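Okay, here's what each chain looks like letter by letter:
Number of protein chains: 2
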Amino acid sequence: MPKNGEGMQNGACLVLKTARDAGVRVCFANPGTTEMPFVGALDMVPGVRAVLGLFEGVCTGAADGYGRMAGTPAMTLLHLGPGHANGIANLHNARRARTPILNIVGDHTRAHLKYDSPLTSDIESLARPVSVWYRSVATEADLARDTAEAIQATMGAQRGVATLVLPVDLQSVSVDATLQGVVPKIPAPTFDRQRVAKIAELLGSKKPAVLLMGDRALSERGQRAAARIAAVTGAVCLSETFPARTERGAGLPDIDRLPYFPEPAREALAGRQVVLAGALAPVTYFGYEGISSELAPPESIALLAAPGEAADQALEAVADCLGATQETAATGAELWNIEPGQLTPQAIGRILSNALPENAIVSVEGGTCGYPFVTASARARRHTVLTNTGGAIGQGLPVALGAAVACPERRVFALQSDGSAQYTIQSLWTMARERLPVVILIASNRRYAILQTELTRGGLPTDAPNSRLLTELTDPAIDWMSLSRGYGVPAERATTTLQLVQALERALAYREGPCLIEMCLP
Amino acid sequence: MPKNGEGMQNGACLVLKTARDAGVRVCFANPGTTEMPFVGALDMVPGVRAVLGLFEGVCTGAADGYGRMAGTPAMTLLHLGPGHANGIANLHNARRARTPILNIVGDHTRAHLKYDSPLTSDIESLARPVSVWYRSVATEADLARDTAEAIQATMGAQRGVATLVLPVDLQSVSVDATLQGVVPKIPAPTFDRQRVAKIAELLGSKKPAVLLMGDRALSERGQRAAARIAAVTGAVCLSETFPARTERGAGLPDIDRLPYFPEPAREALAGRQVVLAGALAPVTYFGYEGISSELAPPESIALLAAPGEAADQALEAVADCLGATQETAATGAELWNIEPGQLTPQAIGRILSNALPENAIVSVEGGTCGYPFVTASARARRHTVLTNTGGAIGQGLPVALGAAVACPERRVFALQSDGSAQYTIQSLWTMARERLPVVILIASNRRYAILQTELTRGGLPTDAPNSRLLTELTDPAIDWMSLSRGYGVPAERATTTLQLVQALERALAYREGPCLIEMCLP
Numbered sequence: 001m002p003k004n005g006e007g008m009q010n011g012a013c014l015v016l017k018t019a020r021d022a023g024v025r026v027c028f029a030n031p032g033t034t035e036m037p038f039v040g041a042l043d044m045v046p047g048v049r050a051v052l053g054l055f056e057g058v059c060t061g062a063a064d065g066y067g068r069m070a071g072t073p074a075m076t077l078l079h080l081g082p083g084h085a086n087g088i089a090n091l092h093n094a095r096r097a098r099t100p101i102l103n104i105v106g107d108h109t110r111a112h113l114k115y116d117s118p119l120t121s122d123i124e125s126l127a128r129p130v131s132v133w134y135r136s137v138a139t140e141a142d143l144a145r146d147t148a149e150a151i152q153a154t155m156g157a158q159r160g161v162a163t164l165v166l167p168v169d170l171q172s173v174s175v176d177a178t179l180q181g182v183v184p185k186i187p188a189p190t191f192d193r194q195r196v197a198k199i200a201e202l203l204g205s206k207k208p209a210v211l212l213m214g215d216r217a218l219s220e221r222g223q224r225a226a227a228r229i230a231a232v233t234g235a236v237c238l239s240e241t242f243p244a245r246t247e248r249g250a251g252l253p254d255i256d257r258l259p260y261f262p263e264p265a266r267e268a269l270a271g272r273q274v275v276l277a278g279a280l281a282p283v284t285y286f287g288y289e290g291i292s293s294e295l296a297p298p299e300s301i302a303l304l305a306a307p308g309e310a311a312d313q314a315l316e317a318v319a320d321c322l323g324a325t326q327e328t329a330a331t332g333a334e335l336w337n338i339e340p341g342q343l344t345p346q347a348i349g350r351i352l353s354n355a356l357p358e359n360a361i362v363s364v365e366g367g368t369c370g371y372p373f374v375t376a377s378a379r380a381r382r383h384t385v386l387t388n389t390g391g392a393i394g395q396g397l398p399v400a401l402g403a404a405v406a407c408p409e410r411r412v413f414a415l416q417s418d419g420s421a422q423y424t425i426q427s428l429w430t431m432a433r434e435r436l437p438v439v440i441l442i443a444s445n446r447r448y449a450i451l452q453t454e455l456t457r458g459g460l461p462t463d464a465p466n467s468r469l470l471t472e473l474t475d476p477a478i479d480w481m482s483l484s485r486g487y488g489v490p491a492e493r494a495t496t497t498l499q500l501v502q503a504l505e506r507a508l509a510y511r512e513g514p515c516l517i518e519m520c521l522p
Numbered sequence: 001m002p003k004n005g006e007g008m009q010n011g012a013c014l015v016l017k018t019a020r021d022a023g024v025r026v027c028f029a030n031p032g033t034t035e036m037p038f039v040g041a042l043d044m045v046p047g048v049r050a051v052l053g054l055f056e057g058v059c060t061g062a063a064d065g066y067g068r069m070a071g072t073p074a075m076t077l078l079h080l081g082p083g084h085a086n087g088i089a090n091l092h093n094a095r096r097a098r099t100p101i102l103n104i105v106g107d108h109t110r111a112h113l114k115y116d117s118p119l120t121s122d123i124e125s126l127a128r129p130v131s132v133w134y135r136s137v138a139t140e141a142d143l144a145r146d147t148a149e150a151i152q153a154t155m156g157a158q159r160g161v162a163t164l165v166l167p168v169d170l171q172s173v174s175v176d177a178t179l180q181g182v183v184p185k186i187p188a189p190t191f192d193r194q195r196v197a198k199i200a201e202l203l204g205s206k207k208p209a210v211l212l213m214g215d216r217a218l219s220e221r222g223q224r225a226a227a228r229i230a231a232v233t234g235a236v237c238l239s240e241t242f243p244a245r246t247e248r249g250a251g252l253p254d255i256d257r258l259p260y261f262p263e264p265a266r267e268a269l270a271g272r273q274v275v276l277a278g279a280l281a282p283v284t285y286f287g288y289e290g291i292s293s294e295l296a297p298p299e300s301i302a303l304l305a306a307p308g309e310a311a312d313q314a315l316e317a318v319a320d321c322l323g324a325t326q327e328t329a330a331t332g333a334e335l336w337n338i339e340p341g342q343l344t345p346q347a348i349g350r351i352l353s354n355a356l357p358e359n360a361i362v363s364v365e366g367g368t369c370g371y372p373f374v375t376a377s378a379r380a381r382r383h384t385v386l387t388n389t390g391g392a393i394g395q396g397l398p399v400a401l402g403a404a405v406a407c408p409e410r411r412v413f414a415l416q417s418d419g420s421a422q423y424t425i426q427s428l429w430t431m432a433r434e435r436l437p438v439v440i441l442i443a444s445n446r447r448y449a450i451l452q453t454e455l456t457r458g459g460l461p462t463d464a465p466n467s468r469l470l471t472e473l474t475d476p477a478i479d480w481m482s483l484s485r486g487y488g489v490p491a492e493r494a495t496t497t498l499q500l501v502q503a504l505e506r507a508l509a510y511r512e513g514p515c516l517i518e519m520c521l522p
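Those protein sequences? They're chains D and Y, same order as listed. Position 326 of the first sequence, counting from 1, maps to 326 under full-length UniProt numbering, and the rest follow consecutively. Position 374 of the second sequence, counting from 1, maps to 374 under full-length UniProt numbering, and the rest follow consecutively.
By construction, these hints were calculated from the structure, which means they are not laboratory data. Computed from a predicted model, the values in this text were never measured in an experiment. Take these hints with a grain of salt, some might be off.
No distinction is drawn between identical chains; accordingly, a pair holds when it is met within one copy or between any pair of copies.
[Stated by the list, open to error] Once the Cα atoms are required to be at most 35 Å apart in a straight line, the calculated DSBU-like pairs of lysine-lysine come out as: (1) LYS114 with LYS207; (2) LYS114 with LYS206; (3) LYS114 with LYS198; (4) LYS185 with LYS198.
Whenever a hint applies, use it, and build me the whole structure from the sequences.
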């Protein structure tokens with residue numbers, strides 16, 4: 001067994017060196033027996049920080065948050081098919097966000113697989129639906145190349161989750177000490193100049209238009225270019241409903257989101273030319289009886305840049321074609337006036353907007369406070385918003401965790417509904433252990449409000465016994481103070497606007513680790 | 001929209017009636033938007049109890065525990081691919097346990113699927129690895145038949161998880177009110193008389209033999225037959241290492257488990273004829289360098305009954321062939337003498353064995369206390385033990401929950417390691433809500449002890465910084481008192497044997513709901 005990465009080395013060391021040399025700096029891990037050589041390698045190869053999650057969904061969600069902020073992949077370390085399965089929901093979100101993640105899954109030693117022992121499972125079938133790239137390393141000669149190709153896939157045109165399965169015997173196998181990692185080749189994103197000319201012509205016609213923006217279009221550069229286009233064409237800039245990452249606040253154009261429910265979303269696009277800049281063609285989130293899934297007719301949609309392409313540069317090229325040199329007015333920083341009274345979602349959005357320090361990051365999950373916050377925050381100080389891209393619940397807390405690891409100099413907030421917080425509640429412990437000063441804001445209404453809304457939309461009663469039982473989080477209500485302290489996170493409760501303002505002041509003054517504020521809603 | 005199940009009905013009502021009429025009594029649910037018509041149906045069709053889990057792994061694990069005890073399937077209700085994915089780990093365990101589960105997954109309305117909206121995913125790819133049967137209902141005419149076939153699959157020869165995907169439009173579609181459910185045909189398990197004759201001959205030769213028992217062989221009937229065989233042949237009776245369900249305690253033969261680690265397991269089988277009665281051919285749990293995966297040479301193994309077959313009846317037939325009328329001596333009830341002192345795993349096993357009331361159920365997860373308990377409990381009062389069959393962590397608490405729902409008249413204990421408890425910790429809330437008097441015993445050693453053992457086995461240091469970080473659950477230690485109360489479960493702590501004895505007395509006197517005892521180990 002090699003004692004360090006500089007002398008003799010094992011397969012795990014080679015994988016780790018390859019990843020480290022390609023820029024991987026963090027491993028969000030929940031390892032088991034088949035990953036022990038890799039755990040050992042983390043002590044032999046310096047340069048990759050190991051972060052333990054008590055549940056795999058914490059690890060994959062944290063890798064998503066990290067990748068969105070860092071732009072480079074974090075690594076996970078998961079335990080065979082079932083351990084990986086616990087991470088699938090947040091990998092689904094990461095796939096929708098096109099977040100680079102190097103998803104490492106240990107497996108049985110190759111010779112053992114045929115015996116179908118208890119933990120044997122079809123990892124490929126489980127991983128393919130969430131991976132842009134999948135491979136189980138076949139021989140020791142493939143270790144470095146497969147790792148490099150996986151990293152290329154995370155950052156390449158498809159961009160997303162690359163799942164690399166490492167049989168444990170290939171982690172512990174001795175390989176030539178002089179073997180170095182293979183350097184992945186990451187192509188720079190490009191855009192299509194012919195589409196630029198066509199879109200400039202379309203928009204130049206002054207037909208009412210919407211620029212539907214996602215991915216790189218929502219970078220500062222993309223937004224500024226879109227604002228130049230809007231200034232000369234009158235086009236409306238809209239963000240896709242659940243963007244992976246948006247820059248927001250003072251100094252940037254006020255770009256609203258396409259609404260979630262189909263009726264207002266259709267209205268926002270009705271009669272307009274829709275130009276896709278880093279966004280997919282807009283469809284309803286769910287299928288509803290009597291409502292078309294397409295939010296705009298296909299003939300009204302034109303593609304400027306697909307997700308993964310250089311939508312920001314494409315927008316600049318369109319603006320240049322149009323001779324657009326001035327942006328629409330950027331928003332200035334402005335504080336909301338907070339009325340005393342009971343907390344409401346609107347008040348929470350405004351209070352949080354006021355409290356955001358420069359360069360904050362806000363991870364938003366949950367319908368109750370998510371929309372009111374984004375509505376309120378256009379004039380907040382400059383910040384970054386991360387949303388739940390794939391609808392798999394339990395994304396907000398781990399994404400905040402990963403963002404805080406990626407950006408230690410920025411203040412991170414998790415604006416989180418109480419129901420969705422429960423799916424990856426173990427995130428609190430890792431935040432406490434890593435001393436990440438995340439401010440966790442739990443919107444506590446003790447129900448799955450979205451489901452009660454959907455029952456009503458479907459003409460079903462919300463007060464029938466089983467419907468109540470399955471959509472209310474009462475009897476008992478979760479005691480967030482106790483739960484939070486159980487994981488080592490100090491907590492307090494706010495019921496009024498004044499209490500929340502003061503609690504946020506205390507939270508911002510506290511920098512030693514996470515803290516939680518339960519925001520009690522009626 | 002139909003107002004009740006007796007007049008006009010929708011597709012969800014028809015599915016639910018079919019399941020109810022086939023004996024399904026409980027639905028462990030974590031629904032989302034695409035399951036709302038099904039939630040509505042639970043209020044229209046009486047006879048199926050809805051139980052909410054805050055996380056899908058709680059639901060699938062509870063269905064596993066329920067099915068093991070009831071012998072009939074519980075139903076789950078999960079939200080598309082990502083919601084289902086959160087339940088995969090415990091479905092993996094259920095597959096290994098061959099537990100009947102009707103796994104219902106909602107999906108988008110059929111016409112919406114092609115638009116690849118955020119929650120769209122390849123449910124089939126995710127579900128196949130854990131399902132003995134999979135189907136997405138294609139038309140309304142298939143609803144009742146597909147449900148009946150799914151239930152047949154859960155209880156048939158393959159026995160296990162049947163995944164039935166219900167597009168939301170087929171849940172809400174109006175169907176003929178006179179349509180009744182289809183009645184599933186459940187074949188009775190059988191065994192092979194030719195194998196019986198061959199095994200009787202083998203065992204009659206008095207060659208040293210092991211009866212390796214699993215599945216139905218571990219029922220009372222199977223154990224008594226095995227004990228008759230042992231009495232005349234001298235064969236050793238061993239349980240597979242992780243049986244789905246075993247009857248144990250006073251009045252039954254003392255059947256030990258095949259050890260977990262390969263060296264003692266090989267020793268237990270060395271030089272013996274191995275007869276498989278409801279167990280698979282014994283292999284190592286993981287593959288280890290230089291150790292064969294096969295724990296016994298193939299030529300020494302003979303099959304009496306495969307899992308799913310009537311191993312209990314087959315054993316009786318062998319005993320009859322051998323003219324074996326007397327059992328080996330059954331164990332008598334006997335209490336351990338408990339020495340005062342610090343808690344140890346051995347002491348915990350003995351104290352719990354003493355405390356078990358007649359007909360208790362013990363769900364065991366975790367290496368620290370699992371083995372010492374089973375070693376100690378042969379002379380406890382008659383009880384049932386449920387273990388982690390598939391190695392996917394986070395199984396113990398939800399299985400205890402499901403067992404308590406299935407058997408309200410029996411007292412349920414969850415003997416659970418602290419690390420594995422965290423994967424489905426939300427189980428506590430559902431136990432509290434359902435007033436299930438489960439006694440939760442957390443073996444708190446604040447580490448993944450099994451991984452430290454495996455590091456040592458692999459020649460790796462356990463005290464290197466990252467190895468410690470990834471195998472120790474300290475900094476902060478979880479505050480189990482707070483965490484438990486956060487979910488509405490009263491908790492206390494025991495550090496000494498006397499404290500644990502007294503805490504168990506209080507726990508047994510408390511019948512209003514669950515309670516938790518943190519058992520602090522050094």
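Here is what the structure says about each hint:
For the identical chains of this complex, LYS114 and LYS207 are inter-copy neighbours only, at 30 Å across copies versus 63 Å inside a copy, given an alpha-carbon limit of 35 Å. In the homo-oligomer, the alpha carbons of LYS114 and LYS206 lie at most 35 Å apart only across protomers (33 Å), although the nearest pairing inside one protomer, at 65 Å, exceeds that limit. In this assembly of identical chains, LYS114 and LYS198 lie within 35 Å of each other by CA distance solely across copies; the values are 28 Å between and 56 Å within a copy. Only within a single protomer do LYS185 and LYS198 lie at most 35 Å apart by alpha-carbon distance; the minimum there is 32 Å, versus 63 Å between protomers.
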